[in-house]
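Just so we're aligned, residue 10 is where the sequence shown starts under our numbering, counting upward by one.
Each hint can be trusted.
Keeping only pairs whose Cα atoms sit at most 25 Å apart, straight-line, the calculated DSS-like set for lysine-lysine is:
| hint | residue 1 | residue 2 |
| --- | --- | --- |
| 1 | LYS212 | LYS231 |
| 2 | LYS104 | LYS212 |
| 3 | LYS231 | LYS104 |
No lab work stands behind these hints, which were simulated from the structure alone.
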Amino acid sequence: MIFEVLSLFPDAFSGFLNSSIIARAREKKLLEVNLTDYRQFSLNKHHKVDDYPYGGFAGMVIQAQPIYSALIELLEIGNAPVVYFTPQGRPLTQKILESYSSYKRIILLCGHYKEIDQRVRDLCVSDEISLGDYVLTGGEIPALAFIDGVSRLLPGVLSDRESANSDSFSNEGLGFPCYTRPEIFMSLGVPEVLLSGNHKEIKKWALEQGKRLTVTRRPDLKK
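Can you build the whole structure from these sequences, using the hints too?
So this is what it looks like as structure tokens:
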């Protein structure tokens, strides 16, 4: 899997890419993340990429030209979906991550300031995704979440594939409570069924707990 990331702040990705599961996956050549600063594609002599919006609205808008030029260069290498992160996009879900895990290459576009020029969205963007009903400074954090979520679904990235299959949202609901050693902590114990060794009953308990949490905390998932 290759992630092509377009961002004004590529340095924001360095710590994430060199840590934990993502770092190990990159070392094993299971995924590749290429960072492109689209400021370098600006035709302005000062590499300016933003300007005031037409209509007299507040804020600054990123111009179409730098992003368009960067995208065209990447698309000339090979066709790939272009995902833009915006509060106007569809909410990111586990199903969306799963659908993208089958691609060989994905282009991720991170905006900044108020927005990017709508015309580059109309011309090049194939999907628009939101991390949630709130506004962030730029698309870098959503891009990090997207890369992490897709990567852990790729073969070989997780040492325990079954762990991903039992995560929250993998079965359209929340996951179950987890416990580890010691058996007693601050006078609180572990549910007896988890110590029983009865895998049928343990699986039943996990499903029931997941359903209970889903109903009480995220009933919208069962609509």
